[in-house]
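Undergrad: Chain by chain, the residues run as shown.
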Amino acid sequence: MAQHQITLTINGTERSLALDDPRVTLLDALRQHLDMTGTKKGCDHGQCGACTVMANGRRINSCLSLAVMHDGDTITTVEGLGEPENLSPLQAAFLHHDGFQCGYCTPGQLVSATAMIEEIKQNWPSVVSGDLEKVSLSDDEIRERMSGNLCRCAAYANIVDAIREAAKAEGVA
Amino acid sequence: MRDFVYDRADSADAAQTAAKEGARAIAGGTNLLDLMKHEVETPDRLIDVNRTGLDQIEEADGGLRIGALVRNADLAAEERVRRDWPLLSRAILAGASPQIRNRATTAGNLMQRTRCAYFYDLGSACNKRSPGSGCDALNGVNRMHAILGTSEHCIATYPGDMAVALVALDAEVEIAGANGKRTVPIAEFHRLPGDRPDRDNVLEDGEIILGVTLPKPTGGAQVYRKVRDRRSYAFALVSAAVDVTVEDGKITRAALTLGSVAAKPWRSNEADKVLVGSEPSRKAFENAADRLLQGAQGHGENDYKIGLARRTLVAALAEATGIDIAGDAA
Chain Y
1 MAQHQITLTI NGTERSLALD DPRVTLLDAL RQHLDMTGTK KGCDHGQCGA CTVMANGRRI
61 NSCLSLAVMH DGDTITTVEG LGEPENLSPL QAAFLHHDGF QCGYCTPGQL VSATAMIEEI
121 KQNWPSVVSG DLEKVSLSDD EIRERMSGNL CRCAAYANIV DAIREAAKAE GVA
Chain V
1001 MRDFVYDRAD SADAAQTAAK EGARAIAGGT NLLDLMKHEV ETPDRLIDVN RTGLDQIEEA
1061 DGGLRIGALV RNADLAAEER VRRDWPLLSR AILAGASPQI RNRATTAGNL MQRTRCAYFY
1121 DLGSACNKRS PGSGCDALNG VNRMHAILGT SEHCIATYPG DMAVALVALD AEVEIAGANG
1181 KRTVPIAEFH RLPGDRPDRD NVLEDGEIIL GVTLPKPTGG AQVYRKVRDR RSYAFALVSA
1241 AVDVTVEDGK ITRAALTLGS VAAKPWRSNE ADKVLVGSEP SRKAFENAAD RLLQGAQGHG
1301 ENDYKIGLAR RTLVAALAEA TGIDIAGDAA
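Keeping their order, the protein sequence lines are chains Y and V. Under the numbering used here, the first residue of the first sequence is numbered 1, with each subsequent residue one higher. Under the numbering used here, the first residue of the second sequence is numbered 1001, with each subsequent residue one higher.
It should be emphasised that the hints constitute simulated quantities derived from the structure, not laboratory data. It is possible that part of the hints are untrue.
[Claimed, not checked] Under the rule of at most 16 Å between Cα atoms (straight-line distance), these lysine to aspartate or glutamate pairs were calculated in the EDC-like manner: (1) V:LYS1037 / Y:ASP44; (2) Y:LYS134 / V:GLU1078; (3) Y:LYS121 / V:GLU1078; (4) Y:LYS121 / V:GLU1079; (5) V:LYS1037 / Y:ASP21.
[Stated by the list, open to error] Counterexamples of contact, computed for chain Y against chain V with all Cβ distances above 12 Å: (6) THR13; (7) LEU95; (8) HIS97; (9) ASP131.
[Claimed, not checked] Stretches of chain Y that chain V covers, calculated by requiring three or more beta carbons in the stretch to come under 8 Å of a beta carbon on chain V: (10) 39-46; (11) 118-124.
Positions of the beta carbon are idealized from the N, C-alpha and C atoms, including for glycine.
Excised from the complex, chain Y in its bound form (with noise of 0.2 Å):
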């Protein structure tokens, strides 16, 4: 089979992968090639969010993408975020509300919670906007927002008081 060389920027390490399958995805590429367990692999089809990690900034579906398709570029991913005794805020927030239950789902949660706050900030709009061009936080656009992470503990009343905290904390309104 046809050798494919990538160069992944994982938080912040360059990391070079040599796949002899094109089928692996960026989620299999990092928990099977790279042993980066933190990435969860719920569904493996783009419905539950576990998998969630960032590439160039962007929130993405990790079991959706190719890792050959990411030649080049920089990936977040949960143990990008902080560390045990660093806690991001976003973290420490989750710590603070109980934001899950059995924890499966919470690295895709992070991860997804950590890029939205981001989107917020750039303005960037939801369904549930009122106003397309000026956007607020809200407990129904966090819930919109967050709407692509599934956690099936339904700690979801805890993890949008975790984001709202955090979201809060970071200035964003």
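Keeping the supplied structure of chain Y fixed, place chain V upon it in accordance with the hints.
TA: Frame of chain Y; chain V shown alone:
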């Protein structure tokens, strides 16, 4: 997933050459890879078109030219689109999830395939997936299925939102093929099934989409209304896109399009004309909806869609024109 050969194109010409040689274009991949995992799609060769530079939004004759690779999220957030074509922003934002919209592209969204469960299930008969095998949806679980433009071979819908808005906005699709470029009105891009439900659209073998052009805004009031099982991240049961201009109390221009009722966004000049010259009223809206839904037929579980489509369109028109329809006689 079946194995395939992967190549990357660095220009639109290279992408078109690869397509001519039989390669399947992959952009965001959010629909294609999902279908490849199910082995509903089994391309031998993929050409990655993400680096062809077709990701620009440019002014064009008072309208916009939207490159094939413009991501859904970027198009919805584009300042001119938000201001002059809010219908397009709202339709895009009503679809999928933020993660998907960050990856999915303008051309890829037009190329997305139906969500018919029998199309996805390799054990079922499906003329769209496997021509000649039959259609298990006809007498099956068909509450999501089409009520207009169907055939005995297929009752699948085109599931997207963006194209419904583009049809109401009179957009055009720019296509490149071996014999040069051609432009197709978006309303003629998707095909009705007839006896070839495997062909979703008019793109010929070897052709690729270069972009979509929007004519200058009409200045009308634009509304996108989507009805679905869940409030977010769900495909439409029915959607309605309207762009209506009212002058001196009378409707002077109307564009009405229904989504998820057929294999293509559903619009008719006759239904648009029903409204022109009328004062905005519930009765006028219902007349237009009845004209647009002429010939609609359910297949059992989706019978409800005929009434739902009528009410959704009337509600969208009421919102666009500021008419209060609560309490009026039906």
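Undergrad: Hint by hint, note whether the structure agrees.
TA: The hints, checked one at a time:
1. Between LYS1037 (chain V) and ASP44 (chain Y) the alpha-carbon distance is near 9 Å, which keeps this suggested pair within the 16 Å criterion.
2. Proximity of LYS134 (chain Y) to GLU1078 (chain V) is assessed by CA-CA distance (about 13 Å); at most 16 Å being required, the pair is judged to hold.
3. Of the pairs offered as hints, the one joining LYS121 (chain Y) and GLU1078 (chain V) holds, with about 15 Å between alpha carbons and a cut-off of 16 Å not exceeded.
4. For the proposed pair LYS121 (chain Y) and GLU1079 (chain V), the alpha carbon gap of about 15 Å is at most 16 Å, so the pair holds.
5. The hinted pair formed by LYS1037 (chain V) and ASP21 (chain Y) meets the criterion: a straight-line CA distance of about 14 Å does not exceed 16 Å.
6. No beta-carbon of chain V comes within 12 Å of the beta-carbon of THR13 (chain Y); the shortest separation is about 23 Å.
7. Listed as a non-interface residue, LEU95 (chain Y) keeps its Cβ farther than 12 Å from every Cβ of chain V; the least gap is roughly 24 Å.
8. No Cβ of chain V approaches the Cβ of HIS97 (chain Y) within 12 Å, the least distance being about 21 Å, so the stated non-interface status holds.
9. For ASP131 (chain Y), the requirement that its beta carbon stay farther than 12 Å from each beta carbon of chain V is not met, with the minimum near 9 Å.
10. With 3 residues carrying a beta carbon less than 8 Å from a beta carbon of chain V, the stretch 39-46 of chain Y meets the three-residue requirement, and the given coverage holds.
11. Only residues whose C-beta sits within less than 8 Å of a C-beta in chain V count toward coverage, and the stretch 118-124 of chain Y has 4 of them, enough to reach three; the restraint holds.
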